[in-house]
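A.B. asks: Going line by line, the protein sequences match chains D and S. Numbering-wise (numbering that gives the first Met the number 0), the first sequence opens with residue 0 and increments by one. Numbering-wise (numbering that gives the first Met the number 0), the second sequence opens with residue 0 and increments by one.
Think of the hints as simulated: they come from the structure by calculation, not from any bench. This one's a predicted model, so the numbers in the text were calculated from it and none came from an experiment. Don't take each hint at face value.
[Stated by the list, open to error] If you want the ones that stay clear, here's a sample from chain D, every Cβ over 10 Å from chain S, calculated:
{"#": "1", "residue": "106"}
{"#": "2", "residue": "203"}
{"#": "3", "residue": "280"}
{"#": "4", "residue": "326"}
{"#": "5", "residue": "367"}
[Unchecked claim] Computed footprint of chain D on chain S, listed as stretches where at least three residues anywhere in the stretch have a Cβ under 8 Å from a Cβ of chain D:
{"#": "6", "stretch": "145-155"}
{"#": "7", "stretch": "160-167"}
[Claimed, not checked] Ranges between beta-carbon positions, derived for each pair:
{"#": "8", "chain 1": "S", "residue 1": "70", "chain 2": "D", "residue 2": "154", "range": "28 to 34 Å"}
{"#": "9", "chain 1": "S", "residue 1": "94", "chain 2": "D", "residue 2": "60", "range": "40 to 46 Å"}
{"#": "10", "chain 1": "D", "residue 1": "105", "chain 2": "S", "residue 2": "79", "range": "23 to 29 Å"}
{"#": "11", "chain 1": "D", "residue 1": "117", "chain 2": "S", "residue 2": "141", "range": "24 to 30 Å"}
Glycine included, C-beta positions come from ideal geometry on N, C-alpha and C.
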Amino acid sequence: MAESLPWPGRMGQSRHLHIFDAAPRAELREVTAPQTAPSPDVARPRPQAATLELRSATKRYPGQDEAAVDGLSLTVPAGEICVLVGPSGCGKTTAMRMVNRMIEITEGDILLDDRSVRDRAPAELRREIGYAIQQIGLFPHLTVAANVAVVPRLLGWDRDRIDARVRELLQLVSLDEGTGERYPAQLSGGQRQRVGVARALAADPPLMLMDEPFGAIDPINRERLQNEFLRLQAEIRKTIVFVTHDIDEAIKMGDKIAILQEGGILAQFASPAELLMYPASPFVEDFVGSDRALKRLALQRVRDIDLWKAAVVRAGEPVADVRKKLEDADLDIPLLVDDHGRPKGWLSERGMTGERVREELRSPADPIVELDDILRDALSDLLGSDTRYGPVVDADGRVAGVLSMEALSHALSVPAEHIPTPSELAAATDGDE
Amino acid sequence: MMPLASYAPALAQLDDNFFGDRRNAVNECPGNNGLCPGWIFDNIDQYLSPLWEHVLLSIVPLVLGFLVATTLALLAHRYKFLGTGFLAIVSALFTIPSIAFYLILLNVTGRGFATAVIVLTAYTLVLIYRNVQTGLEEVPREMVDVAEGMGLTRRQILFRVELPMALPTIFAGLRIAASSTVGIAGFAFFAGAGGLGQEIFAAPTFRGNVVAASVLMILLATVLELAVLAVQRSFTPWERAVST
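All chains, please: the whole structure from these sequences, using the hints.
C.D. replies: This is how it looks when you write it as structure tokens:
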């Protein structure tokens, strides 16, 4: 399993992290086109994942008028991440803990692959559900390997099978094999978090519950671990219930987001894009923030929107042809490219005074945006330049169009036909290397 | 200098021969009743049998005390309402002066090793009990929570998570109990159980004797504590794991 992982192995990992640390967007830049990414795992059977269904699940504590979770109904299809998000006291953690019966529901039902969790013995049920909380959840008195092995041991696996599984998992989360011998106190926060994920995955559970798993990690590392986790999820395709109070994390991680409001009431259950475009209530609108249009920028890539057409010209081309191209183009400045179609710069009027195009530039081709850049990063590049537009290149560096502020704002005002979910975005990044 | 004999003549049956030997020695020793290292060196084998008695008087109550106190603490951990009562009982036991304790027990269990062990065990209880209880209480709530979430049963959580994580605190209690028991066992001769205390009270004015017996007690306490520490280290390897 481990050798065919698109999640970076140890060698790829260090390269990745290096580039990533230097510039967060580099990670996305490395990406090649999704269609060139036939994952080598096609032949392998998909790991199991379960469908989770909450049917009017309600938790009432005796002596309290208001329910902690009130008639929560939602379905998480197998292999998707459902984020439970909301302000403190909204019952999101309670809702998550009802699933593995750490909190018993008082009304309604919860079904895991059409089987009620109430029909299962709690301990046995929990061993089938991965459970990860903030990094503090590692047992300090057990080595990393022993931490990962907790559930397999409970399930009575033999020693060889456990050892093999531990090795496989450490590799899966990009930790050295030697890490297994160490204690949690000897690891960095990021390493601990990875061990936490490995431990939750140990018995290959069809469902994982994650309670603010990145909560105790600094913002830079959190972003990196989120990206890694999404790539891992694109591979393992578990059903995941993910609790967070951070709407940005929810938008980034969730295939679907359930926003809960005080009293454990479901305010909206929708994909991130739907949530940002059509908030169901003032509460949701308020909770996702007044910058929700900006947040949508993180959900789309440059390739997803309508780009401007540029007049792409080469030195030595007849000027008459250039004039013709300009009539079709959205921009009245020709873009000079080299023999390989890579942008050199914007052609000046002087370059077109003769019979044929001479290499006279009015300005360099800056910024250069890539098709796989997310819109937020592309916008940032545009804002940082003088021109407010820039050539878009494909994975080989050839010009594919021009991105301008106008094209961006047009894309934001018109709902896209399909805005990819985070795991689709992550799957698209599998093609690097 | 033997006021004890006035209210407990039956207890400290001092050995006249012991006195006699030492009187001679004292007379020979330069500076009457002095330190006399030479005498100590020559007569050290006299102390070996009391030392062995003292070792038993320390280790047996420690082991028994550990078993009883831990059992009580685990019961109190499982059934919270027992905790206050248990703590009151073991604390009360600790406040009984040892002389009174021996006098009470002599009527019940008679003279001898068993009586001394009962008293000394009773004294270890509060030290060990409190530390086991504190150690279990101090296990972070998240640890128990995540263990529960992973599907460990109550008993598995106790033996695989809570008790191991409480070990450093439990061992700290054992170490205190070890050195304190060695000290309190100095009175075991009240019950006729011998020990190094008997040697001290046999010739309390002879400085050489008192020093010899006391140094042996201190050594014993130190060795016992180090032994507990060694066991602790082998049981809690994670405590030494430092981040690199």
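A.B. asks: Decide, hint by hint, whether the structure agrees.
C.D. replies: To see whether the hints hold, each was checked on the structure:
| no. | hint | verdict |
| --- | --- | --- |
| 1 | 106 | holds (23 Å) |
| 2 | 203 | holds (14 Å) |
| 3 | 280 | holds (32 Å) |
| 4 | 326 | holds (66 Å) |
| 5 | 367 | holds (42 Å) |
| 6 | 145-155 | holds (count 9) |
| 7 | 160-167 | holds (count 4) |
| 8 | 70/S to 154/D: 28 to 34 Å | holds (31 Å) |
| 9 | 94/S to 60/D: 40 to 46 Å | holds (43 Å) |
| 10 | 105/D to 79/S: 23 to 29 Å | holds (25 Å) |
| 11 | 117/D to 141/S: 24 to 30 Å | holds (26 Å) |
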